[in-house]
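Visitor: Sequence:
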Amino acid sequence: MIGAGIFTTSGLLMGDIGNPRLLLLLWVVGGVLALCGALSYGELGAAMPQAGGEYNFLSKLFHPLYGFLSGWASFIAGFSAPIAASAIGFSEYFFRAFPQLGSTMDLSMDTNKKLVSIFVILLFSAVHLRGIKFGAKVQNYLTIFKVALVVGLLIVGFLWGKGDLSHFTDQIKITSDFGSWKTAGLSLMWIMFAYSGWNASVYVGSEIKNPRKNLAKSLIFGTLIVTLLYVLLNILFIYAISPVDMKGVIAIGGLAVNNLFGSSTDTVISLLISFALFSSLSAFIIIGPRVYYAMAKDGYFFKFLARVHPVFKVPSKAILTQALVSIILVLSGTFDQILTYMGFALGIFPILAVIGLFKLRKSGHSVLKLPGYPWVQVFYIVISLSILILAFFERPKESSIALISMLAGIPIFFAFKYLQHNTNSKASENQSEN
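Heads up, the sequence shown is in the working numbering, so the first residue is 1400 and it goes up one at a time.
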């Protein structure tokens, strides 16, 4: 979960909302929303512990079309876009640490950032082509490093950093008109990108030991820990940076450290944060191909994505295809455009999955009844729908592109269904002849 979002979005958010206390409130709301989702997914995952996440849930609870569309959204936005965003976040921090490298080879800074982002995507895709055991070791080391960095930054920043508490009391008037609500909705959608990963365990449910017990625990406790760290990090950012200076800054962690300890520390911490972002990028590269593999195995996606490498036993074609889509997104959009496109596409299908919990309970197939039902689910559905509606009015262009991209999956689903039907018919005819 801890990745590009927390280290890149707060400056962009402050540029839109302009109030530090409201910023903190939105991060808390985002954490509560993620926890409500985790409680719901924990129960769904215990009942259906197969790989695939929403694809698995929606296909079984509603109809394969809904499952396919969730997987299609994952393919075009849900995993490829976070990988692109994490890679861009890495390049922002890397060139903040080494700005002299930004204009090498007679190329512009933006071009070099995109080239570095593409290189990082290819590098970690290659790492995870080596197999789940090797990839998991890399992922675990990166996660330990990342958490240690965050905790260390919080302790050192609050104890010895030179911040200013007056940053929290800056009086910026907040209006309650529709424009402000639209801004808050878009801000929450970006914040939910930072929390994305709260549902990651359900995508590899079939590879988790004792999923009925461990899957829900990983979702709930992981979300609680990350929420605490995120709120504390934002408190540190505001303590270190005035709201005016914070506006629009992507590499917000580097600026915070620069203000707390000086420019020499900025270089070191920016470099460390850039490498910490590898962890979230790596996690998405692990998870995404398992969804495409599950879809292809069921006959609802390109068959070659179901191919498993004979030596390393990973869906290698799916990993490479995901890398290609991520690279296209790096080349085609700015960071905030990718955030908006991805956030809108990601927001729809978890709502349907949470609605599916009502159906699961009614059918009597729930094997792990977690607390809070049904109010936790009602809260998640209402707030998530509100975020999507407000964000659409605030950024209609990016939201419309995301919506059209997902609707494009409907004819594709029926095309795969038709091909599967023909394949099954031919197989039946051959068996009859034999």
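Just to be clear, a hint being listed does not mean it is correct.
[Said to hold, decoys possible] Distance windows between CB atoms, simulated:
#1 Leu1564 with Leu1627: 54 to 60 Å
#2 Trp1580 with Phe1703: 41 to 47 Å
#3 Arg1420 with Gln1819: 52 to 58 Å
Rather than coming from a laboratory, the hints here were simulated on the basis of the structure.
Using N, Cα and C, we set each Cβ at its ideal position, and we do this for glycine too.
Visitor: Each hint: holds or not?
Guide: Hint check results:
no.	hint	result
1	Leu1564 with Leu1627: 54 to 60 Å	violated, 21 Å
2	Trp1580 with Phe1703: 41 to 47 Å	holds, 45 Å
3	Arg1420 with Gln1819: 52 to 58 Å	holds, 54 Å
Consistency with the previously given hints fails for number 1 only.
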